[in-house]
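Chemist: Each chain, written out:
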Amino acid sequence: MYAYDELDRTLINERVSEFRDQVKRRLSGELTEDEFKILRLQNGVYLQLHAYMFRVAIPYGTLSSKQLRRFAHVARRYDRGYGHFTTRQNIQFNWIKLAELPDALADLAEVGIHAMQTSGNNMRNVTSDQWAGVAPGEIEDPRIWSELIRQHTTLHPEFSFLPRKFKIAITAAEHDRAAIKIHDIGLRLHKNADGETGFEVLVGGGLGRTPFIAKTIKPFVSGRDILSYIEAILRVYNQYGRRDNIYKARIKILVHELGIEKFAKEVDEEWKAMGDVGLTLDHTAIEEVRSRFSYPAYEKLPHMPDELKQAAHDKLFERWRKNSVSAHKVQGYSIVTLSLKPVGGPPGDATAEQMDAVADLADKYSFGEIRVGHEQNLALPHVAKRDLPALFKALDRLGLATPNVNLVTDIIACPGLDYCSLANARSIPIAQELTRRFANHDTADLIGRLHINISGCINACGHHHVGHIGILGVEKNGEEFYQITIGGRADENAQLGTLIGPAVPYAEVADVIEDIVEAYLALRDRPEELFVDTVKRLGVEPIRERVYATR
Amino acid sequence: MPLVKQGRLTTDLFVHVADGAELPGDGAVLVTAERFLADPQALLRRPGKLGVIWPNNRNLDELVPHLDGLASVALVFPTFRDGRAYSQARLLRERYGYDGELRATGQILRDQFVFMTRAGFDAFEVKKDADADAFAQTMKRYSVFYQPTGDGRVTALNRRMQLRHSESAGQ
Amino acid sequence: MVTANRTWDGAVVYRTAKQGWSTELSDSAIVTTSDEARALLAEATADDVGAVGPYIAPVELKDGGKVKPGNLREHIRAKGVTIDLQVPA
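Residue numbers (our numbering), protein chains in the order written: chain H, 1 to 551; chain L, 1 to 171; chain B, 1 to 89.
You can take every hint at face value.
No farther apart than 25 Å at their CA atoms in a straight line, the calculated lysine to any residue pairs in the SDA-like style are these:
no.	chain 1	residue 1	chain 2	residue 2
1	H	K97	B	T45
2	L	K5	L	D122
3	H	K329	H	R386
4	H	K97	B	D47
5	H	K66	H	A357
6	H	K272	L	N57
7	H	K272	L	H66
8	H	K364	H	P302
9	H	K322	H	A439
10	H	K97	B	V81
11	H	K37	B	R77
12	B	K79	H	A507
13	L	K140	H	E6
14	L	K128	H	D21
15	B	K62	B	E36
16	H	K315	H	R436
17	H	K37	B	G53
18	H	K272	L	D99
19	H	K37	L	Q137
20	H	K272	L	Y146
21	L	K127	H	D21
22	H	K536	H	V504
23	H	K218	H	E492
24	H	K167	L	Y146
25	H	K315	H	A327
Okay, the calculated beta carbon distance ranges per label pair:
no.	chain 1	residue 1	chain 2	residue 2	range
26	B	K79	H	Q331	52 to 62 Å
27	H	A273	L	H16	29 to 39 Å
28	B	K79	H	D360	33 to 43 Å
Quick caveat, the hints were computed from the structure, so don't treat them as lab data. Note that the structure is a prediction, hence the values are computed from the model and not measured. All C-beta atoms, glycine included, are put in the ideal place defined by N, C-alpha and C.
Pulled out of the complex, with its shape left as it was, chain H reads as follows (with noise of 0.2 Å):
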């Protein structure tokens, strides 16, 4: 956990005051909307279909349980009872008034919460690997990294009016779990051949319209250079990021009409020139603000305690565990993730009531911590494995102990048309109802790991490029139309996906993934080999005849 001081406790205060005085005005007359937008955007306030969107920042992922029961506090008092966890680690609240606002954003600063630039063409949450610290083989806590380019880039001077937005995600794990390669600025902890850490820094990822996966600009910029560094790119993208268009203006189609090694270069040229202004990291520095950043005290525990030995009998727990149980790199502990995907429900939602639950579960089973992941789950982080069989039971009872994580139900979705002012399409119900053909946890095992990612307009918040299986909801004469693709992925291999076929409405969508899912069991060569590999292997054209021979 990360512990905000006096200082960062007075900042986020400062800045509830500021647009406190900012919604009186809007209220007032005094902004016109025009003027408030950008404002309101700054500190995570949409617009959307039915009402005021609120996104919430959750830094890193990493939560503390009264943060957590802060989120129910505020889903029930200024919403209506929940909330829904973004790829992004945000939490977003779909029905919050105008005028209140200002209170539910002083009641989350009171735990250390805030909403800057969850919104806006600004430095979004700079996000981070959900297992960050407790992973085994982690080259070292990448959430240090991550908070010292958060609290650079809030409220900075210079950026906070780029051309569109920007988003940074790091990893420090062999396998990418921040999906780094779709974001402007992916960041790859690793050491070189001295022994020392640093970065390999890709950049000009992104989805949306123009999808492109991220390149390497610099293979090695040490941690102590990473800010000025940063803050090179950052100033080429303000000063030349196309202002024209904002579908040409993310800083991937910089990096694209410039050519990465052009792009590069003029980087370099701002770096050198930069001289030294202050941003170089030294150890003290670093060290700050790691020793802000607490750690569980471990107990020493056996790597296969009697209540797991006992409970091995129990089929679904043993289902569950092989599912949502992972390694932790102290003997003893587990990492559990906790499905926000059941069968039937919008993928990433959860009531407070849920959220209440989990926090009380965190104190009780993983030191009061927990995490939010981009696939839009939750996990406890520290879990004792004697603790195991009894967890289960509690997440069981709360609808939370799906076991499908990274299973074709293990839907990432956008909300799509029912919320968003954005989307041709919905999303939420086509989720659902996939979540319903493939409800047989058996069969969804025999599937084994495929990622389907949905999307209800180009913009691509379902990141459906990247989805083993992706989903674009268009919109043709008036009708919901889906467009699919397949083979694509967001980890360390990140790859585009590619068009299966013709766009299909609403009513088939299902019909279509069950003949592609077949087709991927009838063509693998064995059932090790992952749908994505089957794809890789075979290429689109053996699963579209199949899919599309009777259509």
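Starting from the known structure of chain H, fit chains L and B onto it as the hints suggest.
Modeler: Frame of chain H, contents of chains L and B only:
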């Protein structure tokens, strides 16, 4: 349009002179970059202070050699969403050592005052009277700053390290 | 008709013939020509304090004068989300 300079509402001594309009014989004037670059020496010789309005998409390289002779540089915010001039301001102050008036012109609301001051602006052509009146109060809104700029405000990180240092020295 | 969201709480509202806003679709001013629609929109847009983002949207007139939303988006805005929000336990 009200002008706030060095924290106070002030009478603007500079006259914006449109391209093609005749220059007054003396007195302070602000001219466009095109007009200035057409004959910088003639304008710099003229009695009276000279300021240049520099567009936010024009490279500063053409301006830098003349900075010593200028009493004001006005950077432009065509909309308040367009933040290019923040980078120009920091470069002028922090890299090129410009210490004359640095003026923000265009769509200027109170909500940008802190950012602009931190980037190096010290004069503001404010769109609304109420915002100009609220300048001093608005500047007091923030007391914590996370990043170093040329304005000399101590960053949160440095404050923490100073605090830690004085705590350990006191033991 | 012309619809928008109410500034203070974001609620879906419809422009009435009396130059006000109502949360009931049945209260909305319904126009049938593009000139009338533009005029209604201009008049609604002028009320920047009352509501945000007004635009022209279609309605269907049923027999007996009943007004229905003219497309899926407006149906969802009028009737709410099409999903069951109860996360099953």
